[in-house]
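Just so you know, the sequences run in chain order A and B.
Heads up, the first sequence is in the numbering used here, so the first residue is -5 and it goes up one at a time.
Heads up, the second sequence is in the numbering used here, so the first residue is 2 and it goes up one at a time.
Everything labelled a hint here was simulated from the structure, so no lab data went into it.
Backbone N, C-alpha and C define an ideal beta-carbon position, used for all residues, glycine too.
Check each hint, because a few of them may be wrong.
Claimed, not checked - Here are the simulated DMTMM-like cross-link-like pairs (lysine to aspartate or glutamate), alpha carbons at most 20 Å apart as the crow flies: (1) A:LYS178 - B:ASP75; (2) A:LYS178 - B:ASP335; (3) A:LYS178 - B:GLU102; (4) A:LYS178 - B:ASP77.
As the list claims (entries may be wrong) - To spell it out: a stretch of chain A is covered by chain B in this simulated footprint if at least three of its residues, at any positions, have a beta carbon under 8 Å from a beta carbon of chain B; those stretches are: (5) 127 to 140; (6) 169 to 182.
What the hints assert, rightly or not - Pairwise CB distance ranges, derived in the manner of DEER restraints: (7) B:GLU172 - A:PRO173: 51 to 61 Å; (8) B:ALA133 - A:HIS70: 47 to 57 Å; (9) A:GLY271 - B:GLU172: 28 to 38 Å; (10) B:ARG130 - A:PRO125: 42 to 52 Å; (11) A:PRO173 - B:LEU121: 52 to 62 Å; (12) A:GLY271 - B:ARG66: 25 to 35 Å; (13) B:ARG130 - A:PRO173: 14 to 24 Å; (14) B:LYS108 - A:HIS70: 55 to 65 Å; (15) A:VAL134 - B:GLN134: 51 to 61 Å; (16) A:ARG112 - B:ARG130: 33 to 43 Å; (17) B:PRO238 - A:GLY271: 35 to 45 Å; (18) A:PRO173 - B:HIS210: 19 to 29 Å; (19) A:ARG112 - B:ASN164: 27 to 37 Å; (20) A:ASN167 - B:GLN134: 51 to 61 Å.
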Amino acid sequence: MPRPHVLGHPHYWQRLAIYIPLCAFALFFLLPIAVVLVNSVRSTQDILATSVIGWPAHVLWSNFAFTWSRFCIAEHCTGIAPYFSNSLVMVVPATIVSTLLGALNGYALALWRFRGDRVVFAIITLGVFLPAQMNLVPWVIVLRELGLFNTIAGLVLIHVVQGMSFTTLFCRNYFVSIPADLIKAARIDGAGFLRIFWRIVLPLSPPILIVTVIWQFTGIWNEFLYGVTFSAGENQPVTAALIALSAHISSEPQYAEQSAAVLMAAGPPLLIYMLGGRYFVRGLTAGAVK
Amino acid sequence: MSALSIANVGKRYGSLDVLHGIELEIKSGEFCVLVGPSGCGKSTLLNIIAGLDTLSTGDIRIGGRPMQGVAARDRDIAMVFQTYALYPSMTVRGNMTFGMECRRVPKAEQAVIVDRVAKLLQIETLLDRRPAQLSGGQRQRVAMGRALVRDPLLFLFDEPLSNLDAKLRVEMRMEIKRLHARLGSTIVYVTHDQIEAMTLATRIAVMQHGRVQQFADPDTVYNRPANLFVARFMGAPPMNTLPACVEMSASGPMAVLGDASVRLALPELAGDAAAWCNRPVILGIRPECITAPVRADDGVTIEALVDMIEPTGAETIVLLRLAGHQVLARAAADFRPAPGSIARFTVDTARLCLFDPETERLIG
């Protein structure tokens, strides 16, 4: 059947009224990314000669390779590669450990009754609402006492502890939908706390584990405050190193290299989101057993 | 031998008493059904027996062994849940072997046991499926299979048929009864369905408000209910209960209803019941004790106004008025009196029950 003439359609103006603002907002939010993308393939001279906003005179891919391995950040001309690897060394164990601890906490809080369980849960969730700045001084003391100041291990510890509130909350809210009878049956079958977790609860958990892994990975990767505060020089994660890089901007702008660096630093979380994004929304709304 | 003994068991949640002084002795090989309306404490009692919940007072012994401080896993019990509680991520075989794995039964032995039980329940073809791929009836079978692989001292069933549709429920009911006859195991079975209780049990414990109202074999519970609650709870349609008065006449004791328009001869009053002469009582008559007369001289007959009839196919339920009260009768299927007419009924007075109107207990 041929569609009726669109202009004559009664909903046409309504649609237009919705889509025009939507497109305007999309453009507004995408513009900075577009500028960074374009600048990453221009040369700094080109940018300085014309404008920060402009089309590349000729496409220059070498910015990426240069920024990756030779670019100078705070007098170290190693590119962002070592900082990038610092971030990976920090984010992978921190994500895995905080997710597993959150799952274990959530399991205990959702499916086992013990004295004071509500209080424990309330205290853990309180951590979600505490601003990071509040914890800076306590962490300074803890890291100093443990001898972990300016180490990646120290940052891993911070992110595991700071992330546990979120991961526990996510997992606990997911696990409460596991029927109590399932745990009762396993108890009668002779399984203990850890065996029930490992054999019955974890196999039901992939949707929420994907959510917490994405959440933790992006959160820890993009985290900046702890990175700048507790690490310096060669031990900085990439987000903190990018700041050192922008310190030059006033004296000697290097817009092209900086754009390439920002894009590469944003890569891993984007990759994780593209791989697992559709599970993210699904996992947030899913119940454990249908 | 006593397979399960429950002595003075009480359960209290905060200030709420959900079980009071429960006393039950269950012999080995018995099929004991705990029946009662929702909230009567039957499931709580089952969870306490299983060790999944704690008791506030009293003592439980399984196979003579005190259960104080014994974990669920060490009680030598198996349980079937209303929701089946099959492990979703495991196959049927995995569900059945999980318990044996926890108890470190050798693999070869596990396989032999699974094969035997699968054959018994006719689930051999389902062993490699996951619970999500099974129908309700199949899940029910697997849940029973998971219990049967254990060969425990005691089987606990928590409303196992409540999630099945009516037809399947009747089939599975028969199957459970057949299994019990074949295996001779001791079973404690919780249900709110009095027909399940009647058909399955060797003994029924009728519960209400956290107390056992009567613990007896099904015939006794049905014919001689210990009190008005049991009388009204067991049986569908339920027992008719009417206020009446006992009088002595030349031909023996009579129950007089309402304004003396209905008089029913009672069987001889034994013992204490004789003291109830000329006093008000509650008269209990099962609907099947009021039927259409087969012959004119068929025992005690009454005339009553027919309010309504409900033909079910197998029989006709007649709603009639007796001394101003609504009474249900069960008559033959071909008995179809016109509503509003007066019809004649035969009353089987040998099975009348009398209850104390104050304590609601059975008198005679």
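Do the hints match the structure? See the list:
1. A:LYS178 - B:ASP75: OK: LYS178 of chain A and ASP75 of chain B at ~14 Å, within 20 Å.
2. A:LYS178 - B:ASP335: Measuring from Cα to Cα gives roughly 52 Å; hence the hint is violated.
3. A:LYS178 - B:GLU102: Roughly 17 Å between the alpha carbons, so the hint for LYS178 of chain A and GLU102 of chain B holds.
4. A:LYS178 - B:ASP77: Between LYS178 of chain A and ASP77 of chain B the Cα gap is close to 15 Å, so the pair holds against 20 Å.
5. 127 to 140: violated (count 0)
6. 169 to 182: holds (count 8)
7. B:GLU172 - A:PRO173: 51 to 61 Å: violated, 25 Å
8. B:ALA133 - A:HIS70: 47 to 57 Å: holds, 56 Å
9. A:GLY271 - B:GLU172: 28 to 38 Å: violated, 48 Å
10. B:ARG130 - A:PRO125: 42 to 52 Å: At 51 Å between Cβs, range holds.
11. A:PRO173 - B:LEU121: 52 to 62 Å: At roughly 27 Å between Cβ atoms, LEU121 of chain B and PRO173 of chain A fall outside 52 to 62 Å, so the hint is violated.
12. A:GLY271 - B:ARG66: 25 to 35 Å: violated, 56 Å
13. B:ARG130 - A:PRO173: 14 to 24 Å: At roughly 20 Å between Cβ atoms, PRO173 of chain A and ARG130 of chain B fall inside 14 to 24 Å, so the hint holds.
14. B:LYS108 - A:HIS70: 55 to 65 Å: With Cβ atoms ~59 Å apart, the hint holds.
15. A:VAL134 - B:GLN134: 51 to 61 Å: holds, 56 Å
16. A:ARG112 - B:ARG130: 33 to 43 Å: Holds - the Cβ-Cβ distance for ARG112 of chain A and ARG130 of chain B, about 39 Å, lies within 33 to 43 Å.
17. B:PRO238 - A:GLY271: 35 to 45 Å: Roughly 60 Å apart at Cβ, these two residues miss the hinted range, so it is violated.
18. A:PRO173 - B:HIS210: 19 to 29 Å: holds, 28 Å
19. A:ARG112 - B:ASN164: 27 to 37 Å: holds, 31 Å
20. A:ASN167 - B:GLN134: 51 to 61 Å: violated, 28 Å
Checked against the numbered hints given earlier, this structure breaks hints 2, 5, 7, 9, 11, 12, 17, 20; the rest are met.
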